[in-house]
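> Letter by letter, the chains look like this.
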Amino acid sequence: MPKKIEIKIDGKKCQGYLGQTILEIARNNKIFIPSLCYHPDLKIKANCRVCVVEVKDCDKLMTSCSVLAENGIEIFTNSPKVKKARNTNLKLIFAEHTEKCFGCTLKYNCDLLNLAKKYDLKVTNFQDRKVKRKTYKFANAVEIDGSQCIDCRNCVDACSDIQKINYLEIKGKGAAQEIVPTQDPNIDCIYCGQCALHCPVASAQEQYNWGEVEDILAKKGKKTLIAMIAPSTRVSIGEEFGLPYGQNNSGKMVAALKKLGFDQVMDVVFGADVTTLVEAEELLERLNDKKAGLPLMTSCCPAWVKYLEFYRPDLIPHLTSSRSPQIHLGGIIKTYWAKKKKIKPEDIVIVSIMPCTAKKFEISRPELKIGKLKPVDKVLTVRELAFMIKKNNIDFKKLRPEKSNDLINDGSGAGIIYGASGGVMESALRTAHHVICDPKKAKICRSRLEFKEVRGLEGVKEAKIDLSGKKLNVAVVNGIGNIKGVLDNLSKYDYIEVMACPGGCIGGGGQPIPSSMEIVSKRTAGLYQGDKKIKIRTAHDNKGAVEVVKWLKNNSQDHRVLHTKYSKKKKDKINLV
Amino acid sequence: MSIIKKIEKACLLGRGGAGFPTHIKWQSVAKAKSKTKYLIINGAEGEPGIYKDGYIIKNLLKEFSIGVKIASDTIKATKIYFYLNGKYYDIYKNKIIKEFNKAGLKGKFEIIKKPKGAGYIGGEESTILNIIEGGRAEPRLRPPFPTEKGLFGQPTLINNIETLYDVYLVSINKFSGERFYSINIENKNKGVYSLPDDLSIKDVLIKTKNYPKYDFFVQVGGDASGEVFNQKQLRRKVPGAGSITIYKLSNHRPEKLVNYWLSFFADNSCGQCTPCREGTYRLLELFKNKRSYLKDVSDFVDLCKNLETSSFCALGACAPIAILSYFKNVYPNLCQKK
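Residue numbers (my numbering), protein chains in the order written: chain A, 3 to 579; chain B, -13 to 324.
Source of the hints: derived by calculation from the structure; they are not laboratory data.
It is possible that part of the hints are untrue.
Label pairs and their calculated CB-CB ranges [stated by the list, open to error]:
hint : chain 1 : residue 1 : chain 2 : residue 2 : range
1    : A       : I576      : B       : S249      : 31 to 37 Å
2    : A       : K5        : B       : K62       : 44 to 50 Å
3    : A       : K15       : B       : Y197      : 25 to 31 Å
4    : B       : G120      : A       : H565      : 55 to 61 Å
5    : A       : P82       : B       : G120      : 41 to 47 Å
6    : A       : P82       : B       : N159      : 50 to 56 Å
Every residue gets a Cβ at the ideal spot worked out from N, C-alpha and C, and that includes glycine.
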C-alpha cells in the first residue's frame, strides 16, 4: 500500500498517496486544474503547459501532470503567476487551432471553448497561424487536420505507444512541426481511430458522414431508412448527455434515431448472434479437419483485418470467412427482411451507429457487396450521432425508451458482449460448447455460459477451454499493440480473438471523448450486466437468428450474405486536401 | 584521496553552462548499482560566441583525454560516447581517436557527430540522450535524471569537455580554479583565455587587454542566451560557459540585434512545449510588426515572462534573457543619447 500523504491545494487539505502527481490528487479531491496534453492512458509529456501550478517556495511554475506530490507541500492553482502563464499558454494554443466549430462534433463539449469561457479569454488574441495547413485523409475513415492541431502529440503516442503501429510522425521542429503519416512503405494506417479518440481538439477525427446522413434524412422520398446500433454504443452514448458511465441506453437511442427520421432501428446484437452461429460452425469444422488450418482467427474487427491483410497476408487463411455483425445485419436487412416486408432492397438505406472509425472503411470494401448493393450505406460514430441529436435539440435524457424492430429481434446476451474484448470469443464458445456437447450430459453443457477467463483488460488473455473433452487453447488479444507475441507463437493456439482497440469496441476510436481505460471498464461492466439480465444469453437460443441463417441457406443466399474473403493489401495512397 | 573527493575539494563546477557541482554527478553514477553505465562527453558547443571546447581539443587534447580516462575508470563506464560539434568532428576526429587510444581507451569509445538539424537544443544533455538513441532532438522530462536513468535507461555521466580537462588538472593537483573565457568583439573571435573563474567582467577585459576605449555594452555567458550589461554593470562574474561579447554602443544596430536573438530562438525551438514553440514564434512576429516599439507591447512582456516561468527546458527559460536585459540595461540609455 503506498504511503498516504496530505497536501494543501488553494488552502484546502487534500489526501493522496506518495507516487501520485499533483494533478491526480487535485482531481481526486474535486479541484479543477485544466489540461490538454494529459491523458491517463498515455505517457506524461507535460508539453501544453496549461496545467501549471505554483508550489510554495518554488520560483518556477510546475506542471501538475508530471510533478509528484510530496507530503506537506502547498499548491496554488490560481495565483497571479499561474493565471498569467496558464492564460498565455491557452491564448497561444487557441491561435494554433483554426476554429471550425460549425460542423465540429466536439463543439458542445469543447475543451478549448470551455477554457476560454471559464477564464474569460479571447480565442483570437493572436492570429490563427495554421489556417493553410492541409488535412491528411486515411482511406475514408480517419483524418488529421493540420489547421486544428495544437501539437500535443497525443495522436502520435496513441498510434505508437498504445497501438504500436507507428504510422504518425512528427515532421520538422519548432513552430513548423507537423503531424504527418510516415513515408515508410512497410507501415500503413489500420483506421482504428485511436488518434482521434485521444485528440483533445478534433484535429485527428473520423471522416464525417453526418452531413450525408442529414441529406438522406431530408430527402427521404420513398426510401426506407434504417439505423442499426452496435452492441457497445448503448452503454457509452449516455456519456455525451451527462448520463452515468455504463448505463444501457439502447431504448433512448432507438427513440432518438426515430425522432431524427429513421423508419426502423435494428440492433447489431442480432447481427452478432448470426456472426457467432457462422463462426462457431467454422470453428468446429476446423477443429475436426486438421488440414483446414488452426488457429481460427476472428474477423469482426475491420482494423485487425486491415492489419493482417497489410502486415501478415500470409496468415489470411486463418481468418474466419464469417462477415462482421454490421455487415451480416445489413445484408440480412437487404435480403431476408426486405423480402418479408416486400420492400425493394435498393429502396433501403442503412446507416449504422458504430463505436469505430474502421467500420467506415469496412463498408467500402467491394467484396462485401450483395449484387450491386452495399450491405450498409453509411457509418456514423457515436460522437457523430450524439452531435446530430444535440444539433436537432432532442433532449436525449428525457426520451422515453422505445423498442427496435420486431421481425429482427434485439439479439442475445452473447451478442451484447461482442462490444468487449473477449466477447466474441465467449459468444462463440457458448455456442460451440452447446453444439459439441454430448447429448447425455446436456444439462451440464448448458450450464457453462460464462467464460470469465477471456474477459478483462489484460493485453493478452490465454485460456485452456474444455469443450466436452476437446481441449481448446485460446488467446484474446486486447489491443493491436499486443499482437506481436501472439503472432510469433501461432502454433500454440486453436482460436484467437483480436480487437484492435484496447478494451475492444467499447474502447473504439468512434466512442465518446474523453475515453480512458477507467471509463472503458465502466462501460464494459454495463455490457456484462446487460448479458446477465437478459433471458436469452446464447446465439443458438436466438430463434430469430437461427431462422434467418436457415432461410439464407435455403435460399442459397448464405454465401453472399454470411461469408467473405480477404486479400493482400498494398499501402494506401495518402489523400492530402 | 579518491578523485571524487579531490574534485569536491576543488569545488569543480560543470563548465557546460549550468555550473552543477561535478562531484555530485560522479558520485551518483559511481554509486549506481547497474552493470551498464555510460559516459557521454558533451562537445556540442552550440552556444554562439563560445569556442573554448574547440580550443581545448586543438591545444590540450592529451590532457583532456586523460581526464576522460579518469572519468571512465571512476564510474566504470561500459562505453564512452563523445558527442561532438560537427565542425570539430570534421577537423579533429582522427586526432581524437589517436589520443584516446593512447590514453588507454581503445575500443571503448565512439565519436558521434552532432546532427545538422539538432541545433542549439542539440547540446542539452537529455536531448543528447535522445539523439544517441535515435530519437528526436528534444529534451526529456526530469526526473529521472541522466545519472539515474540516462542513455538506454542506464546511469549516465554527462560532462562537458572543459570539465574533463579540469578533472585532469585536479588529478595532478594543478587545478587552481581557472576557467576559459571566450572573448568576442561584435562577431569577431578575439581569443580564448584561461583566468581565475571568480574575476569580474571588467577584470577579465582588462587582464586580456580587451577593454575598449569606446562606449560599449557586453553580453556574457553566450551570444544567444547571455545577459546584456552596460558599462556600469561590469563588477559581476562571468556566468554560464564563460563568454564576453563586446558591442560598440554608437554603431550597433538595435533592430538587427533584437532580430538576431528572436530569430535564433524561434529557429532553434524544438517544438515540444507551448511557451517556447509558440512564444518564440509570436515574439518574432510581434517584432516584425512593431519593430522597436516592441517593449511597449504588453503581449511582448507576457510572452517573455511566460518563457521564463513555464517553459519545459532551459532553452525556453533563457530565450528572453538577452532581449529583456538589453531593453533594461542598454536600450534606454541609447534612447537618451539620441
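> Would you mind marking each hint as holding or not holding in the structure?
Verification of the hints:
I576(A) and S249(B) have their C-beta atoms about 33 Å apart, which keeps the hinted 31 to 37 Å range intact. The given range of 44 to 50 Å is broken by K5(A) and K62(B), whose C-beta atoms sit roughly 34 Å from each other. For the pair K15(A) and Y197(B), the supplied restraint of 25 to 31 Å is violated, since their beta-carbon distance comes to about 59 Å. Range check, G120(B) to H565(A): Cβ separation about 45 Å, and the 55 to 61 Å hint is violated.
At about 43 Å, the CB distance of P82(A) to G120(B) agrees with the hint of 41 to 47 Å. Our hint of 50 to 56 Å for P82(A) and N159(B) holds, since their Cβ atoms are close to 52 Å apart.
Taken one by one, the earlier hints fail for this structure at numbers 2, 3 and 4, listed in ascending order.
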